[in-house]
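Build the complex: two chains, separate frames, hints provided.
Chain by chain, the residues run as shown.
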Amino acid sequence: MSTPILSLKNISKRFGGLLAVNGVNIDIMPGETVGLIGPNGAGKTTLVSLISGTLTPTTGEIVFQGHNITALPAFERARLGIGRTFQIMKPFPGLTVLDNVAVGALYGTTTTNKALSQARDEAMEWLRRMDLHSKAQQRAEELGGPDRKRLELAKAMAMKPTLLLLDEVMAGLNLVEIDEVIEAIKVVRETGISILVIEHMMKVIQSLSDRLLVLHHGQQIMAGTPQDVLNDPRVIEAYLGKRRV
Amino acid sequence: MKRLLPLLLIIILGVLTALPWIAGPTLVQFAINALMLATLAQGWNIIGGFAGYASFGNSIFFGLGSYGVAIAMVQWNLPFGVGLVIGVVFSVLFALAMGVPVLRLRGHYFAIATLALSQVMSAIFSNLDIAGRNIGLVLPLLRSDTLFYELSLGLLVIATLTVFWLSRSRFGFGLIAIRENEDAAQSMGVNTTRYKVLAFTLAGIFSSLAGGIHAYWITFIDPNSAFDLSLNVKMIIMAVFGGPGSVLGPVIGAALLSAISELLSSTLSSVASLFFGVVIVIAVILMPKGLTDCWLRFPVTGWRYFIHNIRQHRL
Ligand SMILES: Nc1ncnc2c1ncn2[C@@H]1O[C@H](COP(=O)(O)OP(=O)(O)OP(=O)(O)O)[C@@H](O)[C@H]1O
Ligand SMILES: [Mg+2]
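So the protein sequences, as listed, match chains A and B.
The number in the numbering used here is simply the position in the first sequence, starting from 1, with 971 added.
The number in the numbering used here is simply the position in the second sequence, starting from 1, with 24 added.
This is chain B alone, in the form it adopts within the complex (with noise of 0.2 Å):
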């Protein structure tokens, strides 16, 4: 199994690369928003699953590197790329000059203290004139869904590598050491502040550089669309659903949620919203590591893992 997985994860990225030569358009712009919901749960996991921090300011990073991309064409006639690039730097300065003092909070003050700062930078967004205000941007059209998908692609890529490397360096493991308790990391030699900086810059360089290549497909953002909270729970979702802390886990979850949705409001779409509201109460109930951790244990410890994990919540 150890030695397969490597092979088996080549052979799917190899299906996947060739994915917009072998399927139908509808498929291949499902594909692409789910890859950089993936994206984003990835992104969500080095500063969320890894270091512990639940943040509600990841879409923050979405909104900024969209707007990145949007000003840099519209208003600059910059191309893409160098839009990539202003929202990615925005994205950086944000998370050094934020991160600081709200990285500071433990908790639910930090989920708290980011949820606000989402709101905020909406408001500020709406009002200024370089992003049209709360009437938005309209980008550049440019048909090539192709395009879109590879680059979603590749950024996701990216982002798994990076957690993988995260996973077996010192740095990764100091995060992981923040998480499970961050007084006993701090007086072992952690320099958790800077530690939980990098972590949130980090995750901010994937999710804005997802909301960069969002905001030129579809070609049109506004303030509520770029800093969209919904879009946050989503990607907490999808990474606790998978398994954050892991590598895969967030890949896997925004893979399988994605299908799981489409699937169900393409059928029932009012029964579906709340079928899927249970199915996830039901899945952090069961399993509140994820699919990869109940993957790894489940046939060494059978039903009793569903069990055990019940008792944890003392219901």
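Extracted from the complex, chain A is given alone in its bound form (with noise of 0.2 Å):
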């Protein structure tokens, strides 16, 4: 068995009194694709800003690809190549779509001195390949709703991660807009790097995890196939049984 590109041991994060992520245990093998669900406030996004160096854990540790990183911060995780998409998007709002992408090649996983015309050569590979090229030189604050979705995985995987986060990536889309942002993640994970994907369409992780874990008050009630996982009694009740979809 080969070791994990991530391992997440017995992480929790406190905010004031409540303990949004509680002693939660993650590994993630390299080239899987994880789905982690959970109803509104499970901790998700906290676990995401946990891994990303956003947030820095309460107790517990972080080890990526044999390094501690629970330290580290934020920047210094993407270069090692952790990428992440925020929930609440966060474009750079008056540069074009293309310097967006850039921003990730640019920095990202590269370290040295990269020109700015390289940086955008590849910026514009990734843009023809989440299908944005057309738009490559309107500002990202004039994208509508699933441009910008792409965008975001764009400007991630310009960075050239091994392992990938995506936070609700779908949320706001229209049924035909998710099946194109569907598409657009398998493109993704063709290129063999892990993802830890947070989605409420049972539909949408069904289709694109491996594996599924399911948190609640922030603790890690149930980990398996996505089969297994949906037709647990206790993650219908903990989750679906409030809002299925």
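I should point out that these hints are in silico values taken from the structure, not numbers from a laboratory.
Glycine included, C-beta positions come from ideal geometry on N, C-alpha and C.
You may find that some hints are simply not true.
Dumping the calculated DSSO-like pairs for lysine-lysine here, alpha-carbon to alpha-carbon at most 27 Å [unchecked claim]:
| no. | chain 1 | residue 1 | chain 2 | residue 2 |
| --- | --- | --- | --- | --- |
| 1 | A | Lys1061 | A | Lys1174 |
| 2 | B | Lys258 | A | Lys1106 |
| 3 | A | Lys1061 | A | Lys1085 |
| 4 | A | Lys1131 | A | Lys1106 |
| 5 | B | Lys313 | B | Lys258 |
| 6 | A | Lys1061 | B | Lys313 |
Label pairs and their computed distance ranges (CB to CB) [said to hold, decoys possible]:
| no. | chain 1 | residue 1 | chain 2 | residue 2 | range |
| --- | --- | --- | --- | --- | --- |
| 7 | A | Pro1001 | B | Arg192 | 34 to 40 Å |
| 8 | A | Met1000 | B | Trp327 | 57 to 63 Å |
| 9 | A | Pro1001 | B | Ala147 | 57 to 63 Å |
| 10 | A | Glu1112 | B | Gly131 | 43 to 49 Å |
| 11 | A | Leu990 | B | His332 | 45 to 51 Å |
| 12 | A | Glu1047 | B | Trp45 | 18 to 24 Å |
| 13 | B | Val308 | A | Glu1208 | 43 to 49 Å |
Here are some of the chain B residues that sit facing chain A, going by a computed Cβ distance under 7 Å [claimed, not checked]:
| no. | residue |
| --- | --- |
| 14 | Pro103 |
| 15 | Arg194 |
| 16 | Ala201 |
| 17 | Ser211 |
| 18 | Val214 |
| 19 | Asn215 |
Here is the structure:
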């Protein structure tokens, strides 16, 4: 058995009196796509922020590709190969779509001085793969819903990450748009990187995940194949009982 | 147009270099002042225009540069050049020491913190014996406007070349990413703290050199004039009017606004400042990204450019 690319060891995060993440242990294998589900407020976004370094855990240890990254700031984790999207999207609104993605190519896992023109070439390649190249010269703030999601994906992928964290990329899209973005994520998955994907839509999570984890009140209540998890009574009670999609 | 621009700039630069020999003393003195303001606006552009941190602390660097030269020449009998270096060293130390805590603050909090710092510095220098307390220092007199003019021009050229380099470098791109969305920049691998402190330091170096040259030219400094907040307001207005985050915008803004305010103040003084204020308010509403952005986009979008901007303000 190969070693995991990411290991969360007994990770907790406390916000004042609230234990948003409570003793979570997760291993993600190279090339694996792991789905993370759970009701609103379960601690999913908090968990992503703990992995990406936007937040630091109250207790526990995070190991990424053999490095203990628990205390590293977010930018250093990005350099090691952790890319993320934000549930509340964070584009660079005044920059062109191309330059938004070029930031990822210029920084991300690149630590040497790369020429702007080369970064833009790489960015253009990702825009093509995400089917966004016709809008390369528009400002990011002018993009509509699904294009914004594709932009977030392209930005993260231009970083050349080995682990990608996707926090509800589908939120706010209609069914047709969701299918388009699923295709985009499949393009990303084919590059062989590991993905942690958070999604409320069961259809999305089932079609993308190799393995499913369920978070509830900050605790991991179950893990397994999508089939097993979605038929488990505890999951149905905690999650699907309230919002079956 | 793109190919003509460098040629045009070289011609303008040539004329500017020759100015002391073709223009009268009043115009040269006006130009020294305008060049200094342009350098300050360009310095502010690095931290305010590129990184998006509206600094009210740049006049601190101006003051440190002024005092560096004044103290070195008056108290220690050192040459002017050494004074400039001392001012820069003070400014860099200040930027590194204060930048780390202050640049953690965002938006208005950063602006207010730098504002407060500038008052503190003024108070500190009012109580330093070596700085002549609140009376200030009188520097040795050097009657050579040509020298001060060429020094100011040289400094502005270096500042502008630096910003030009910034506009096409990885570092500058990172600063822009910070301005557009700092959290996203950080999670995409930009060392935001280091970048912001470096930008603040770079801005500080240019402000400090401008302050040093100005002090020797004016031959007198006191805490109020050295740490003058209205100077900081001026550099912001000029940079924002011209085009924050652009290479030539702050220079054009400084040149235009200096000229307008000079013309107005020599004709009708009290109406002048009112008119000036109104012009700036209208300019900021109609072209929030400055003259350069308007220049580039107006031919494409026409009058819709202004309508779009007014809508953006939700007036
Ligand atoms: N910065 C913060 N400070 C205080 N409390 C927070 C903070 N961030 C999140 N929380 C709280 O932690 C809990 C978990 O929030 P989180 O955003 O991780 O949930 P989630 O599973 O992503 O929910 P959703 O499905 O709505 O996105 C919530 O109760 C939330 O209010
Ligand atoms: Mg969330």
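Hints versus structure:
no.	hint	in the structure
1	Lys1061/A to Lys1174/A	26 Å, holds
2	Lys258/B to Lys1106/A	38 Å, violated
3	Lys1061/A to Lys1085/A	24 Å, holds
4	Lys1131/A to Lys1106/A	22 Å, holds
5	Lys313/B to Lys258/B	17 Å, holds
6	Lys1061/A to Lys313/B	21 Å, holds
7	Pro1001/A to Arg192/B: 34 to 40 Å	37 Å, holds
8	Met1000/A to Trp327/B: 57 to 63 Å	58 Å, holds
9	Pro1001/A to Ala147/B: 57 to 63 Å	60 Å, holds
10	Glu1112/A to Gly131/B: 43 to 49 Å	19 Å, violated
11	Leu990/A to His332/B: 45 to 51 Å	47 Å, holds
12	Glu1047/A to Trp45/B: 18 to 24 Å	55 Å, violated
13	Val308/B to Glu1208/A: 43 to 49 Å	57 Å, violated
14	Pro103	37 Å, violated
15	Arg194	6 Å, holds
16	Ala201	5 Å, holds
17	Ser211	5 Å, holds
18	Val214	5 Å, holds
19	Asn215	5 Å, holds
Of the numbered hints listed earlier, those contradicted by the structure are 2, 10, 12, 13 and 14.
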